[in-house]
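**Student:** In case you want the letters, here they are:
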Amino acid sequence: MSEMPTGANSPRDDVALDVSAATASAPEPATGRRRSRLRLNSSMIIGACLVVLILGLALVSFVWTPYGPSEIDPVARLRAGSPAHPFGTDRFGRDTLTWVMYGARITLMVGVVAVGIALLIGTPIGIVSAIFAKQPWGMWIDAVIMRANDILLAFPALLLAIIFAAVYSPGTGPAMVAVGIAAIPGFARVARSGTLQVLGSEYVRAARASNRRIPAIAVVHVLPNIAGMVIVQASVAFAISVLAEAGLSFLGLGTQAPVPSWGRMLQESQQFLSTHPELALWPGLFIALAVLGFNLLGDGLRDRFDPKMDARGA
Amino acid sequence: MPENLLEVRNLTITPAGAEVPVLDDVSLSLAPGERVGLIGESGSGKSLTALSVMGLLPEELHAQGTVSLQGHGGNLLEANEKTLAGLRSDIVSMVFQEPMSALNPLMRIGDQIAEVLRIHGRVPRAQIPGRVRELLAEVHMPDPDSARFAYPHQMSGGQRQRVMLAIALANSPRLLICDEPTTALDVTVQRRMLDLIAERVAAVEAGLLFITHDLAVVAGVCDRVIVMYRGRIVETGTVTEIFTAPRHEYTRGLLASSDLEATDDRGRLFTLKTALDYAGPRVPTRDSSTDANRATDANRAADGQGGAASATGSAPLIEVSDVTRVFKGRGLFGRRRSDVTALGSIDFSVAAGERLGIVGESGSGKSTLLNILSGLDRPTTGHVRVGDIRVEAASSTALRALRENLQIVFQDPFASLDPRMRVADIIAEPLVAAGVDKDERSARVEEMIAAVDLDAQSLRRYPHQFSGGQRQRISIARALVTRPQILVADEPVSALDVSVRAQVLNLLADLLEDYALTLLFVSHDLGVVKHLCSQVIVMKDGQIVESGATEDIYANPQEGYTRRLIAATPSLADALAATG
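Listed in order, the protein sequences are those of chains A and C.
For the first sequence, the numbering used here assigns the number 1 to the initial residue and increments by one for each residue that follows.
For the second sequence, the numbering used here assigns the number 1 to the initial residue and increments by one for each residue that follows.
A hint or two may mislead.
What the hints assert, rightly or not - The list that follows gives simulated cross-link-like pairs (lysine-lysine, DSSO-like), each with its CA atoms no further than 30 angstroms apart:
id, chain 1, residue 1, chain 2, residue 2
1, C, K328, C, K540
2, C, K273, A, K134
3, A, K134, C, K540
As the list claims (entries may be wrong) - Reference excerpt, derived from the structure (chain A facing chain C, CB under 10 angstroms, subset only):
id, residue
4, V204
5, R205
6, A207
7, A209
8, N211
9, V220
Hints were generated in silico from the structure; no laboratory data involved.
Values in this document were obtained by computation on a predicted structure and should not be read as measured data.
Backbone N, C-alpha and C fix where the C-beta goes; we use that ideal spot for every residue, glycine too.
Isolated chain A (complex conformation):
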């Protein structure tokens, strides 16, 4: 007998019974799960739009900006917005819009590199730790890894960056690495808890019963099933990195002159805060938008990957 698999979470079973009352209703009713999969939530849409906006600014800056980043206009210094300079100019007469566009590059680069470091190091640590935690003889290894993780968690990103800046010279590179290292524990924790959950599941038991080795289980079963959680963590960590980079540059520990960065723009605008607050407004606004965008995206993804919606089709 040949049965068509029915729709998502279909309540029907292997019944191909020809009941007159039922034959009319051949197509599956749409179920709650199917619709919620298709329905995008609003926070995710807003978040994605903001992220696309920042990404667009950075990409366009490679091709076109209104002025060069170090192009100065001695006559038009400290101007408010005008058709020639929509966002105004700074104290050297540099175009603020140009700087905001260039700044987006640094922001995104820091985010990508820092999150990349944290994700690539933190996630495997978490998975390995969870695997040891499940072995009767490996519990202490898990304990050691996780306590080391907790110690790292106790160091704020800022402190690490100050140390890095003191040891190496202050710059975008050391700042990115410092922010990335500080984000490792978060990924390790998320990956560990997700892995523990997956390892406790019946399908992993089934895999073990069919002779799968643990590394294979980690790749085939654990990774795909914790990917959702890790992606959510990445988008939140991205927002934190953006903020951390701006903070570090503001303190002079991050991006150095003359590279345009939102944090440095804020710092330079400090002395004009009472006379030209718009100089601080634009970089501040874009930092806020970037952080908000990635956080909203993370929230939206969290809803999307909610384990409760995922657990079983019912």
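With chain A's structure known, arrange chain C on it following the hints.
**Tutor:** Chain C alone, transformed into the frame defined by chain A:
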């Protein structure tokens, strides 16, 4: 004619965006004090009907029609939340399927019962503790005085369901809705729970709407039965009418597939499709002909394997001697807790080709035993031999060899398949582990998917696109793809609807013959074991209380526990005999 307690008229529910209603023109009524069973497989709309009466429909579902309750004028579907809140618990209340998730894990159960009393304010505050104790005593909770202070996780499933019943009856509702209240419970507990529900409903003279997929359960509890299929009511009648003269094709199919005593010419259970030949439940008059049939059946199966068994020598395929498993109690911060003996000196052996049933309630050590047999756990003492592998001292290479030869079908078809893998990859997994190359893998996967009666297109889909019965077929395909000698089935049908159960059991029986398998079948359901297994062992608290040929044990149980188990197993015939 007195006004009906519950009156549902033309209830239709169509999910937004769907063309076909999930509930189509459902009308039913319940007289005061009447007990009605609502029967159907999962997805037939039973629970949605109940939720509409409670006013608990999910927001995105919009219901048309009328639902009216005695004591409330107007349509419940249009009532606002405040009105509904007043009705719930006072006039209508509900017992849910899964008592663990229906109770708040962080509240003492006494407080949870008191909460319902307090919110409705019918009982003066000072009398609430007394009333709570009274309610717990009424549901026969052992030691109601101290039970009040227990948390849900400290209780057994049956006790939790008693608490749910106490909460539901706290404000003496006119109508009690039970949604599969015993599906998550063991057979013996189920029997007691059903009796208790019947007793309490009679005591408070409430109406009862009892939702279940199992005909055998409903018979003892209800006067009248409503059968639902695909969102429609297909048949209504008294229990006797439905059982003896079902009019609708689906009812007949459901009846036939519920009956584990009746088999067709091939010795297979009736399914919805083969139900036409079904003669109706047999009233238990030691009908020797069916027993004889089954005995010869079992013998035939044993004979079929006889050759293979003698070829490998007369030693049994699986030998378990004096196995114990003690779990070291380790409390928080290394505090000593008492050790738990999950298994105490287990002895048995299984010959090649034999079908052994392992029966017991949850907590009897069945799962621990399976884990030890499959090398997922090691015994504290004792010896286990499977084939020529000594499991308790096996190296990891030997364990791998063991697992190629012994495969497991797990209980929960929803949890045992990785939701992120395609069916083809799920079934191929044991082959990947065994190092079979890609071409042969896909050939064998296709062969297996055909063997479990799923079409080849299924291979590209994900588990969530399948129903419970189909998932269990996938699970069976995965277990058999390496051509093991031994198949271990851990309650493979207890999570399935009755109508699907027969199909999966028939499939298992077919495959056992085709692949010449030795079967270890774990279940709490004696009816299922009786149908499939030639030998049975009965376990209780980690001990084997009785073992022997299935026929002997059923015909002549030696132990009180076995007798209780047999008596508690719901069967159509008994149910029919009881109603007369």
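**Student:** Each hint should be assessed against the structure and marked as holding or not.
**Tutor:** Comparing the hints with the structure gives:
no., hint, in the structure
1, C:K328 - C:K540, "holds, 20 angstroms"
2, C:K273 - A:K134, "violated, 46 angstroms"
3, A:K134 - C:K540, "holds, 29 angstroms"
4, V204, "holds, 8 angstroms"
5, R205, "holds, 7 angstroms"
6, A207, "holds, 6 angstroms"
7, A209, "holds, 5 angstroms"
8, N211, "holds, 4 angstroms"
9, V220, "holds, 7 angstroms"
The structure is inconsistent with hint 2 alone, although it conforms to all the rest.
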